[in-house]
Amino acid sequence: MGRVLTVLAHGDADGVSSAAVVKAALACEYETVRVYFTHPVDLAKDFAAFAEGDVYVVDAAIDEKTAEEVRRAFRVWCVYRSRLNL
4 MGRVLTVLAH
14 GDADGVSSAA
24 VVKAALACEY
34 ETVRVYFTHP
44 VDLAKDFAAF
54 AEGDVYVVDA
64 AIDEKTAEEV
74 RRAFRVWCVY
84 RSRLNL
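In our numbering, the protein residues as written are 4 to 89.
Source of the hints: derived by calculation from the structure; they are not laboratory data.
Just so it is clear, CB atoms sit at the ideal spot from N, CA and C, and this is done for glycine as well.
Hints may contain errors.
[What the hints assert, rightly or not] What follows is a set of in silico ranges between Cβ atoms, one per label pair, in the way DEER data are often shown: (1) R78 - P43: 17 to 27 Å; (2) A16 - S85: 30 to 40 Å; (3) D45 - R78: 17 to 27 Å; (4) D45 - Y83: 13 to 23 Å.
Work the whole structure out from these sequences, hints included.
Printed below as a string of structure tokens:
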């Protein structure tokens with residue numbers, strides 16, 4: 004399987020624009036680029052569900068109520084990737 008890039012972006016206008024810029028800039032370096040739209044309350048859930056390969060999170064604020072859940076999801080991802088030497 005080739006390299007995969009996952010982009011998680013806020014679903015508003017500047018989030019869509021940010022995701023488009025990341026995809027356009029990096030598409031030639033990846034076999035697959037997947038873009039998912041999220042919002043602050045569901046960022047941790049969407050990250051856990053969709054993160055694959057290299058991950059960019061753009062224009063997505065972290066909601067205070069879910070900040071610890073987001074930190075945990077990011078930590079789990081980092082540990083998982085480091086154990087696979089990715």
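Going down the list of hints, with the structure as the test:
1. For R78 paired with P43, a C-beta distance near 19 Å keeps the hint of 17 to 27 Å intact.
2. The hint said 30 to 40 Å for the Cβ distance between A16 and S85, and at roughly 35 Å that hint holds.
3. Between D45 and R78, the C-beta spacing of about 18 Å keeps the proposed range 17 to 27 Å intact.
4. For D45 and Y83, the Cβ-Cβ distance of about 20 Å falls inside the hinted range of 13 to 23 Å, so the restraint holds.
The structure agrees with every numbered hint stated previously.
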